[in-house]
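> Listed below, chain by chain, are the residues.
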Amino acid sequence: MSRVSKAVAAVLVATALGLAAGPALAAKDRFVVDLVNEPSSLDPQVQWNPDSYYVYRNIFDNLVTRDDKGEIIPQVATAWKQVSDTEIEFDLRSDIAFHDGSKLTADDVVYSVKRITDPKFASPQLGQFDKITDAIALSPTKVKLVTAGPYPALLAQLVKLSIVPKAVVEAVGKDAFNLKPIGSGPYKFESWQRGVNVQLTRNDAYWGAKAPFPAVTFRAVPDAATRLANLQAGSSDLVVTLDADQAAQLKGSPKAQALIGLTERVAYVRLNTTKPPFDNPKLRLAAAHALDKQAMIDGLLGGHDKPVPELLTPAIFGWVDGIKAPEHDLAKAKALIAEAGPAAKAEIDLATAPVFDQRIVQAIQQMLTEAGFNVKIAMSDMATYLKRAQAGPETTSLLSFGRWSCACQDADGVLFPLLHKSSGWSAYRNPKMDALLEEARATLDTNKRLAAYKQVHEIVAADVPVVPLYQAVVIYGAAKNLTFQPTPNESMFINRMSWKD
Amino acid sequence: MSVAAATSVPRRKRSSPWRWWPVGIIALVVLVAILAPWLAPYDPNQQNLLGRLKPPGTVSRSFHYWLGSDELGRDLLSRVIHGARISLIVAFASVILSGVVGTTLGMIAGYRRGWVEIAVMRVVDVFLSIPAILLAIITVAVLGPGIANVIMVLALTRWPRYARIAYSQTLSVANMPYVRLAALMGASAPRVLFRHVLPNIIGAVSVVATLEFGLMILFEAGLSFLGLGVQPPTASWGAMLSTGRNYVATAWWVATLPGACLFVLVLAVNLTGDAVRDRLDPRHR
Amino acid sequence: MPGFLLRRLGQALVTILGVVTLIFFVQRLTGDPTYLLVPETATQADIAALRHQLGFDRPLAVQYFDFLGELVRFDLGQSVVQRVPVTTIIASRLPYTLMLAAGALIVACGIGMPIGILLAIFRNSPAAKAAAGFVLAAQSMPTFWSGILMILVFSVLLGWLPPSSTGDLSHLVMPSFALGLLSMATFARITRSALLDELSKNYVRTARSRGVRSGRLLIRHLARNASIPVITVAALEISNLLAGAVIVETVFAWPGLGQVTVQAILARDFMIVQGVVLLGAFVTVLLNLLSDLLYSLVDPRIVLEGAR
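Chains as they are written, first to last, in this note's numbering: chain H, -1 to 499; chain P, 54 to 338; chain G, 905 to 1212.
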């Protein structure tokens, strides 16, 4: 896309969003959102967790963003140009003001980049941005970013780079900014009654699509059953993180509806290919044949999720159509296991954590058991699960269920960590795979990347280091009056919602 | 027996067979738990994804769901039967473990006094100063879920309750003239403790134990609710109830059956506890 | 007496040090929060770097003495997740915990103790039996079940009460009952058995045979003697209510200390857990000290340890 057409697209999108939101400026004064936990912090650069993300993304603008379909579109940057393999220049909007009235300029963008990439700042998100080695303000509306080598996922990562006001952060310091964040987004921070709620008020001077509600309250409601009850009782307008069975309960509800959207998140079972029984490729294949993805989806997930033959979802760059994965075939699985003899009977631990859908985990266990494996579920709390999942093939579990999202919609954020030998998550050792993954992350040529990823998918299908299961949906519960299209990256921009009384 | 029965029964209706119903319930649950593999019509973990959340009486594929099916199409009757086993094992084991350890230490502390008393009671204070549920969650997070771990965690967090009650009761009893007399007449400390002190304090301890027994069943359920109970797919009443509660509005049977069993058992245990107390406590004879 | 008090205070300090030490080391047995803080795509090097920045790569002994050093300066440290001082977090949650504890105690004592007295005095009346059944039934249900049933009935179905979270006093009703009903049985039991104990004693029989009226007897003698076990239990219950209302707070999204502590345990946010447990220990030790003192005041037969 040329720079001009990018700019045109920006205007079009802004207009479209504005139109969608325009007539909806209705009688809803305060919009109440139930999250699972309260945000850990509203400084966009010092944490990484979804409950914070839901809130602060409405306070801050990002360099670029994604539309509801998942395409990268302008936000603070109106256009960009790759000037060399390692340099990219961004033109910035000149009409953006922070909530304190000061103008957003190239200095703020440079400051935001440098702040989050400073190792001393210790941002948990550092790994998403540390390929950026320098940021230079060329003019008040022009910024150049320099990367260490060609970095194809740069734009995808910049979707998450919130721009903070340099002057304010430097003046008040990190701790005070965390308590009273100032951004340039469609909502202004109003108050944070710790533990109780976060309140935002509409930024009426916002440069883009105005938000439909004058005020928004975010509350923490950890129990999903309570979130559902809140919605049905009318005490909240939008709740996050429901499952398909809970969505089904909303079907007959007079007040509430379920909003369901496919995401970039992929569910998978990872096999430890370095230890028996799964050091035997035939037994890995047997596991793949034993798992009936469609039955999981139709039986347990309400039919919303989509089976995938590769370790990506169609919402991610790197998705290749027409990959043939091992079909569900119980007889074949049994035959392969019989062929392997007693080695297949070893006890296999299937690691999981309470946050995952236990129905799916138990179904996986059942399906593998039916085929002839001896699988035990090993549930531990999330901290222990993560530690063990990333401990490397020596100490990690034989099987591990997970749902992966890099929140970047780029294959490099999924395939590299799960399959490359340098990553703690990977329990697979295959030099060819490593070479392909390295090749795909070292070039900006999308065709070359796709070709490499196609080969990766084929290896995954044939050698089964992981069994990709399905493209997960995100399910929100919402008041009937709300219109909101869930996005693949599970972001929740309130200025893209509308309300009808 | 109930608080009510405890007060009425020993005096008037001593012969009424009805006063035994809580004991009968417990006996029944124990029996069901022991005979679970023979009583359960199906494998409690056998799933049937096409027969999820079916109401009682449904027939689906090879299953006849007398009490309905759960969120994975498993037979609820079979799971309730097997769940009795897990819930009872967890409660019995943790009460006995914590009771024996706690009572022994408490009695020794109360009788020997001196540095033993100080050491034991300081440790008791340390444990009692941490809310039991939090200590349980912290240790389960360390050990990981699972039946054995849950039992250990519950015993570890609950023994100080027994120690404290045994200690304070022993303090009272040890000063009674006849206990002093026994000691003066040369009875060894273990003999004094078990012959003279224990009978006097066993009432208080057993009341705590029965209260705890019910509580342990509830604790296990609570840990399951937080995802830290027994490992899936193991059926315990607490675990079944905590998943079933998500379906209260659409499939009431999933939570109601294990919930009712759990409720009745805990109630029966508590009722029996009162009766035990009245029997054991010499002052109530 | 001053010697006894000093000694007791010393013991209290030892207890608190014990609590803090236990919690410090037990928590760290499963590693640190770093894995939970980073995105899934973080490399092992990223994780190691963050761990270093947060100081979790230092030897445990060093971290422990650092922590003790901060503690004696009354610094509870910072939450690694929220990046604000632990005192700020505790201060924001404490009022809600106190409100809930008060509400639950009112329910528990207000219903439990009268029922206990009823049970002890009118042993065979049908009303007493019904009350006993009610008390025990209320205690036999897991709160995560009774809680959601209450929400579904009183909020979703009838619309009488707000389903969860905070606001005016009506938000406090359901959580208080859910929590209080559990302790109610405890109070009824203890009140009853303490009264029964006293009723069976010789002085009561003597007084009765002399024609002293029950009401007078109850107030003059029984209440005093029977209060010992009730006080002990109440002290233990208060500390339980303070941070133990974990499940009720989770179900009703009540922002008390219990909820934040469980989240902190699962998030390995050590400083919050240490802060809350320390606070709880302080309160408990204090209450135990008071109940010991009361013991010796109301029952002179007990010679206090250390007072000999």
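The set of hints was computed from the structure by calculation and includes no laboratory data. Please read all numbers here as calculations on a predicted model, not as lab measurements. Just so you know, not all the hints are guaranteed correct.
As the list claims (entries may be wrong) - 25 Å max Cα-Cα, derived SDA-like pairs, lysine to any residue:
hint, chain 1, residue 1, chain 2, residue 2
1, H, K280, H, K478
2, H, K178, G, T991
3, H, K478, G, T991
Stated by the list, open to error - Far from chain H by the CB rule (all over 12 Å, computed), these chain P residues:
hint, residue
4, R72
5, A89
6, L120
7, A194
8, A236
9, R244
10, L264
11, G280
By construction, the Cβ of each residue, glycine as well, lies at the ideal position given by its N, Cα and C atoms.
> Would you mind marking each hint as holding or not holding in the structure?
Here's how the hints hold up against the structure:
no.	hint	verdict
1	H:K280 - H:K478	violated (50 Å)
2	H:K178 - G:T991	holds (18 Å)
3	H:K478 - G:T991	violated (41 Å)
4	R72	holds (39 Å)
5	A89	holds (20 Å)
6	L120	holds (19 Å)
7	A194	violated (5 Å)
8	A236	holds (50 Å)
9	R244	holds (47 Å)
10	L264	holds (27 Å)
11	G280	violated (3 Å)
Checked against the numbered hints given earlier, the structure breaks hints 1, 3, 7, 11 and satisfies all the rest.
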